[in-house]
Every structure is written in structure tokens, then in C-alpha cells.
Amino acid sequence: MARRAKITGARAQPRLRRRKIKLTPRAIWVMLGVGAALFLVILLAVLMSSPAVSGLVPKEGAIVSGVPVHIEASLRSNVKSSEVRVLIDGQDLTEQAQLESSVLSLDVDLADGEHQVEVEVGGKVEAGSRFMVDNTPPVIHVDGWELRDDGITVIRGRVEGASALLVAEKKVPVDREGRFQVEVNRFESATITLVAVDEAGNRREVLAEAAPPPQIKGVHVSIPVAADRVLFKKMVDLVLRTELNGMQIDVKDESGVVGYTSTVPLAVETGSSPPPGSGMDIGRVMDKCWYNDIYPIARIVCFKDPIVSSKRPDLAVKNRSGGRWGNGVWVDPYNHEMWEYLLGLAVEASRKGFKEIQLDYVRFPSDGNTETCVYPAEDGRSKEQTIIDFISYMRDGLKPLGVALSADVFGLTASPQGGMGIGQDVRGMAQYLDYLCPMVYPSHYNPGEYNIGNPEANPHDTVYRSLVDFQAKLEGTACKLRPWLQDFSLKLNYGAAEVMAQMRACYELGINEWLLWDPHCTFTEAALQPAP
Numbered sequence: 260m261a262r263r264a265k266i267t268g269a270r271a272q273p274r275l276r277r278r279k280i281k282l283t284p285r286a287i288w289v290m291l292g293v294g295a296a297l298f299l300v301i302l303l304a305v306l307m308s309s310p311a312v313s314g315l316v317p318k319e320g321a322i323v324s325g326v327p328v329h330i331e332a333s334l335r336s337n338v339k340s341s342e343v344r345v346l347i348d349g350q351d352l353t354e355q356a357q358l359e360s361s362v363l364s365l366d367v368d369l370a371d372g373e374h375q376v377e378v379e380v381g382g383k384v385e386a387g388s389r390f391m392v393d394n395t396p397p398v399i400h401v402d403g404w405e406l407r408d409d410g411i412t413v414i415r416g417r418v419e420g421a422s423a424l425l426v427a428e429k430k431v432p433v434d435r436e437g438r439f440q441v442e443v444n445r446f447e448s449a450t451i452t453l454v455a456v457d458e459a460g461n462r463r464e465v466l467a468e469a470a471p472p473p474q475i476k477g478v479h480v481s482i483p484v485a486a487d488r489v490l491f492k493k494m495v496d497l498v499l500r501t502e503l504n505g506m507q508i509d510v511k512d513e514s515g516v517v518g519y520t521s522t523v524p525l526a527v528e529t530g531s532s533p534p535p536g537s538g539m540d541i542g543r544v545m546d547k548c549w550y551n552d553i554y555p556i557a558r559i560v561c562f563k564d565p566i567v568s569s570k571r572p573d574l575a576v577k578n579r580s581g582g583r584w585g586n587g588v589w590v591d592p593y594n595h596e597m598w599e600y601l602l603g604l605a606v607e608a609s610r611k612g613f614k615e616i617q618l619d620y621v622r623f624p625s626d627g628n629t630e631t632c633v634y635p636a637e638d639g640r641s642k643e644q645t646i647i648d649f650i651s652y653m654r655d656g657l658k659p660l661g662v663a664l665s666a667d668v669f670g671l672t673a674s675p676q677g678g679m680g681i682g683q684d685v686r687g688m689a690q691y692l693d694y695l696c697p698m699v700y701p702s703h704y705n706p707g708e709y710n711i712g713n714p715e716a717n718p719h720d721t722v723y724r725s726l727v728d729f730q731a732k733l734e735g736t737a738c739k740l741r742p743w744l745q746d747f748s749l750k751l752n753y754g755a756a757e758v759m760a761q762m763r764a765c766y767e768l769g770i771n772e773w774l775l776w777d778p779h780c781t782f783t784e785a786a787l788q789p790a791p
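Going left to right, the sequence shown walks through residues 260 to 791 as the numbering used here numbers them.
Calculated from the structure, these hints are not laboratory results.
Computed from a predicted model, the values in this text were never measured in an experiment.
A virtual CB, placed ideally from N, CA and C, is assigned to each residue, including glycine.
Be aware that a few hints might be false.
Calculated pairs, EDC-like style, for lysine to aspartate or glutamate (alpha carbon to alpha carbon, straight line, at most 16 Å) [claimed, not checked]:
1) K611 - D546
2) K750 - E784
3) K642 - D684
4) K658 - E428
5) K383 - E342
6) K642 - E630
7) K493 - E784
8) K339 - E373
9) K739 - D402
10) K318 - E377
11) K339 - D393
12) K739 - E464
13) K492 - D408
14) K318 - D393
15) K570 - D540
16) K339 - E359
17) K570 - E607
18) K658 - E373
19) K577 - E630
20) K492 - E428
21) K658 - E607
22) K429 - E464
23) K318 - E373
24) K739 - E772
25) K430 - E464
26) K577 - D496
27) K547 - D496
28) K750 - D777
Label-pair ranges, simulated between beta-carbon atoms [as the list claims (entries may be wrong)]:
29) R640 - V384: 34 to 40 Å
30) T452 - Q676: 46 to 52 Å
31) D402 - D351: 46 to 52 Å
32) P706 - D348: 38 to 44 Å
33) L406 - T452: 18 to 24 Å
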């Protein structure tokens with residue numbers, strides 16, 4: 260009888276034979292297909308779960324500045340460009356947008372205020388935001404000065420629309436009403452620069468005197484008068500006998516001549532500057548002004564310059580044939596070499612003792628077929644923006660010298676009928692000026708302006724109506740008005756009564772500063788009050 264095997268411990272397991280699984284080529288392709296399909300399903304699910312539009316800027320509630328405003332958003336990769344629409348304030352601007360690497364972008368000029376951007380895909384709004392455009396700098400008002408015996412001046416004022424006020428890059432406390440006060444040692448500094456900044460990054464700079472600035476009543480002085488000792492003495496004596504306290508003296512006039520021997524390179528290159536020993540003795544002229552407490556203003560004619568236009572035709576305004584436009588007296592306001600020349604003269608004049616730089620002919624050409632003007636350095640900016648940028652450039656360059664900056668403008672530039680195509684945007688220019696000097700000469704207004712049949716025969720009403728428009732334009736700015744008044748005759752004879760009528764119009768509007776223009780510098784003393 261066979262012996263039964265003895266089993267102890269765990270139950271014995273049968274031995275299994277390992278079999279190798281062999282996949283056919285068809286099976287492999289099936290598995291790859293299933294995997295690819297699964298991957299596509301997952302990818303599609305991920306894509307469908309992500310937003311069609313993301314990263315929209317400006318974001319909701321943003322405050323932006325600058326022109327143009329940049330709009331940008333990222334599109335999901337499977338979004339077709341034909342399905343996309345971009346709406347700004349409800350207006351379809353899709354045709355202006357660009358799409359590159361799934362990034363949608365658009366640059367658009369927008370006025371200050373609230374705006375809305377929406378991005379539609381397939382007729383459905385997928386992203387949107389409301390934002391504010393703010394290109395208006397804050398306003399600084401200097402309201403008064405307190406002169407202490409220890410040499411400290413307390414300057415009081417207020418700001419509007421500012422998030423911070425800075426002096427020498429340090430914050431100045433401002434109360435809830437925007438009021439502030441700063442202290443300056445008037446024996447150490449004649450001026451300080453106040454800088455107001457808003458949330459959008461806009462800046463406003465105001466040059467504040469360390470003592471109350473004088474209200475200037477001045478007269479024009481030409482280069483020949485300033486260069487002649489006898490004639491200039493007569494001008495000084497007139498100022499000393501009367502209420503006058505300022506002189507606007509030509510540094511560079513409309514003929515392109517620089518009144519004294521200059522070291523500015525372009526003045527030397529073109530022969531605009533007289534050789535040593537000729538022209539005005541600028542040191543003597545400044546000494547007379549400072550000794551007699553006469554406020555000296557340097558007049559610099561900007562873009563009318565027959566000498567530079569002739570000697571450097573590459574800087575001139577051209578006609579369509581390539582020659583100089585018109586009678587060849589205008590230079591290109593777009594050209595930065597001209598900007599550098601004018602700033603060089605202004606800096607030089609400031610260092611010689613002038614307290615203020617006044618820019619004249621700060622404009623584009625007129626008095627001809629300006630449609631044929633060609634500006635070789637034109638860069639796409641409007642005429643208005645170019646002039647504003649030029650004045651800003653002058654302001655920045657003169658800032659370290661502590662001099663005031665003013666500009667002359669046509670008398671109609673603030674009026675509704677005053678769009679003259681010469682680039683003088685009064686409010687834009689005023690951002691960078693201490694004084695705006697409109698030339699409100701009644702003889703220069705056409706019959707019917709302001710509903711005045713003969714403006715030249717109605718000096719009071721003409722000046723009054725014009726200055727009302729200028730005050731409205733400058734409201735909310737720190738720029739002051741100091742108008743040019745007519746003390747010369749054209750069709751009608753102008754005497755003391757006509758000059759005083761213009762002054763009265765200024766006083767009735769609270770404007771206590773003015774300048775008198777007569778190209779021959781023969782002023783009507785009977786219209787002036789005696790010296791106090």
C-alpha cells in the first residue's frame with residue numbers, strides 16, 4: 260500500500276507557469292489610439308474649463324494716464340480671431356486691434372473720464388472692465404506769503420486732485436481740504452519748486468517765489484534801443500517816473516538776430532550773434548535793471564528765424580518742391596536741434612541776469628498757404644502736442660535756474676472761433692507756464708468778433724471779452740494772465756484814452772499785470788500813473 264504524503268504547515272500551492280503576452284501590431288495601434296483619444300479628451304476638458312479671455316488690462320477700477328491707452332488681453336488658444344470683438348464704450352474697435360501669439364492688443368486715444376472695455380467671443384462678453392483715464396495733472400494754488408523777521412518765509416496754498424505734495428522730493432503735509440504750508444529761507448533760496456502728484460502719476464510743478472512776486476507792468480524794449488546807451492537810459496527813466504516796473508527785452512527777435520555776443524553754438528555758426536564789441540552790452544543792461552529794481556524779461560522768438568532758415572535750410576519749413584516755404588522765415592517746430600538752440604539761449608540769458616524767459620512765435624507758420632508746408636522732422640505728433648512738448652522741454656531745462664517761464668499767444672486762441680491751426684492749445688501750454696501773455700491788440704481783431712462791429716474802435720470791450728475767454732481756459736491751472744496791450748496805431752490813432760481803456764478792462768477782471776507793445780518803443784506816458 261502506497262504511503263500518503265505528509266502535509267504540514269500551509270496548504271501547498273500549485274506551480275504556475277508564466278506566459279509571455281504577445282501584442283499584435285493591430286493591438287498596439289489600438290492602444291495608442293485609445294491613449295491619444297484619452298489625451299485629447301483631457302486636453303479639451305482643460306481648454307474648455309479655462310476662460311476664453313484672460314489677463315485683461317486695464318483692470319477693473321484701474322486709473323491710467325498717457326496717450327494712447329493700451330488695451331491688452333490673452334485669448335485661449337482655440338479661440339478664432341473671426342469670433343472676437345473689442346468694444347470700447349460700446350464702440351466696435353476690432354479692426355484697430357492686433358492679434359499675435361494669442362495676445363490681443365489695441366492702442367486708443369481716450370478722453371479723461373470713465374471708460375469700459377469689453378471683449379466678446381462668439382457674441383458673448385468673456386471679459387470686461389471699467390477704468391478711469393486721468394491725464395489732467397493736479398493744481399497748485401499759492402495763496403499767500405508770511406515774511407518772518409528771521410528770514411523765513413511761510414508759503415501757504417492748496418492743491419486740487421493731488422495724492423501728494425513734494426518739495427525737494429520730500430512729502431509736505433496736506434490737510435483734507437488740500438491746504439498746505441511750507442517754509443523757505445529767502446536769504447538762501449529765491450524760489451522753491453512745488454510738485455503735486457496724483458494717483459495716475461500726473462505731475463504739476465510750480466515755481467514759487469520765496470517772497471511775494473511783483474505784479475509786473477512792463478514795456479517792450481527792442482535790440483536797437485537796448486544797444487543804444489541814450490535810448491536805453493530814456494527807457495529806464497520812463498520806468499522810474501511811472502508805475503512801470505518791468506522791461507521785456509529782446510534777446511532774439513523776429514529777424515533771427517541775437518542781441519548780444521552769444522556762445523550758443525548755432526548762434527555762432529549762423530552768424531545770428533554779433534561779434535564782440537557790438538550789439539547790446541548785456542552786462543550793462545542787466546546792471547541797470549537790477550540796480551533800479553526793474554524786472555527783466557528775456558524775449559526769445561522761437562520758430563520764426565530768417566537767419567537760421569537761410570544758413571541752415573535743413574532746419575527750415577519746406578514746400579512740396581523741397582525749397583523753403585513762403586518767404587523762407589520759418590523753421591521746423593518739430594526739429595530738436597532748434598529746441599536745443601532756443602534752450603541754450605534761454606539758459607544763457609538766465610545766467611546773465613534775466614528773471615523770466617518769454618517765448619514768442621511759439622507756434623507753427625501762418626499768413627500763407629500753410630497746407631503746402633512740409634516739416635522735415637515731423638514725427639506724427641499733432642501741432643498742439645508738439646508745442647506743448649516744446650514748452651515742457653524748456654521748463655525742464657530752466658528749472659535748475661529758478662527763472663519764470665511765459666509765452667505769447669494770439670488773442671483769439673482762447674475763443675471758440677480761435678482754432679487757427681498754429682498749434683497754440685492755451686490750456687495745454689499753461690500746464691508748464693508761469694504766465695500766459697495773450698496779445699489782445701484790438702487792431703488785430705476782425706470786424707464782428709465778439710459781436711463788436713469795429714474792435715479797434717472799442718479797445719475796452721475787445722480786451723475785456725478776449726480776457727474773459729482766457730480766464731475760462733486757465734481756470735483750475737496755476738498759470739497767471741499778463742496780457743499784451745496795444746500802445747501803437749494802425750488804422751486808428753491810439754493815445755492815452757485807448758491805452759487806459761485796455762488797462763481798465765484788465766482791472767475790472769482782477770488782472771493787475773500787463774505789458775505794453777509798441778515796436779518803436781515810444782510809449783504813451785500820459786496813460787501811465789506816476790511812480791508811487
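Quick rundown of the hints versus the structure:
Between the alpha carbons of K611 and D546 the distance comes to roughly 10 Å, so the proposed pair stays at or under 16 Å and holds. Restraint check: the Cα-Cα separation between K750 and E784 comes to about 21 Å, which exceeds 16 Å; the hinted pair is violated. Among the hinted pairs, K642 with D684 is consistent with the structure: their alpha-carbon atoms are about 9 Å apart, no more than 16 Å. Only pairs whose Cα atoms come within 16 Å are accepted, and K658 paired with E428 is accepted, the gap being roughly 14 Å.
The straight-line distance between the Cα atoms of K383 and E342 is roughly 10 Å, inside the 16 Å bound, and the hint therefore holds. Distance check on the hinted pair: K642 and E630 sit about 13 Å apart at the alpha-carbon level, within 16 Å; holds. Between K493 and E784, the direct Cα distance comes to roughly 12 Å. Compliance with the 16 Å bound is thereby established for this hinted pair. Proximity of K339 to E373 is assessed by CA-CA distance (about 30 Å); at most 16 Å being required, the pair is judged violated.
For the proposed pair K739 and D402, the alpha carbon gap of about 13 Å is at most 16 Å, so the pair holds. Between K318 and E377 the alpha-carbon distance is near 11 Å, which keeps this suggested pair within the 16 Å criterion. Between K339 and D393 the CA atoms are separated by roughly 34 Å; this puts the pair beyond 16 Å, and the hint is violated. Proximity of K739 to E464 is assessed by CA-CA distance (about 14 Å); at most 16 Å being required, the pair is judged to hold.
Between K492 and D408 the CA atoms are separated by roughly 36 Å; this puts the pair beyond 16 Å, and the hint is violated. With a C-alpha separation of about 15 Å, the suggested pair K318 and D393 falls inside the 16 Å cut-off, and the hint holds. Note on K570 and D540: the hinted pairing is violated, with a Cα-Cα distance of about 26 Å set against a maximum of 16 Å. Restraint check for K339 and E359: the C-alpha separation of about 12 Å stays at or below 16 Å, so the hint holds.
Between the alpha carbons of K570 and E607 the distance comes to roughly 22 Å, so the proposed pair goes past 16 Å and is violated. Proposed proximity of K658 and E373 is contradicted: the alpha carbons are some 34 Å apart, above 16 Å. For the given pair, K577 sits about 11 Å from E630 by alpha-carbon distance, which is consistent with the 16 Å threshold. Among the hinted pairs, K492 with E428 is inconsistent with the structure: their alpha-carbon atoms are about 44 Å apart, more than 16 Å.
Between K658 and E607, the direct Cα distance comes to roughly 13 Å. Compliance with the 16 Å bound is thereby established for this hinted pair. For the given pair, K429 sits about 14 Å from E464 by alpha-carbon distance, which is consistent with the 16 Å threshold. With a C-alpha separation of about 13 Å, the suggested pair K318 and E373 falls inside the 16 Å cut-off, and the hint holds. With a CA separation close to 9 Å, the supplied pair K739 and E772 stays within the 16 Å bound.
Of the pairs offered as hints, the one joining K430 and E464 holds, with about 14 Å between alpha carbons and a cut-off of 16 Å not exceeded. Among the hinted pairs, K577 with D496 is inconsistent with the structure: their alpha-carbon atoms are about 45 Å apart, more than 16 Å. For the proposed pair K547 and D496, the alpha carbon gap of about 11 Å is at most 16 Å, so the pair holds. Only pairs whose Cα atoms come within 16 Å are accepted, and K750 paired with D777 is accepted, the gap being roughly 15 Å.
At about 35 Å, the CB distance of R640 to V384 agrees with the hint of 34 to 40 Å. A C-beta distance of roughly 37 Å is found between T452 and Q676, which places it outside the suggested range of 46 to 52 Å. Separated by about 49 Å at the C-beta atoms, D402 and D351 satisfy the suggested range of 46 to 52 Å. The given range of 38 to 44 Å is respected by P706 and D348, whose C-beta atoms sit roughly 43 Å from each other.
A C-beta distance of roughly 20 Å is found between L406 and T452, which places it inside the suggested range of 18 to 24 Å.
The structure does not agree with the numbered hints 2, 8, 11, 13, 15, 17, 18, 20, 26, 30 stated previously, though it agrees with the rest.
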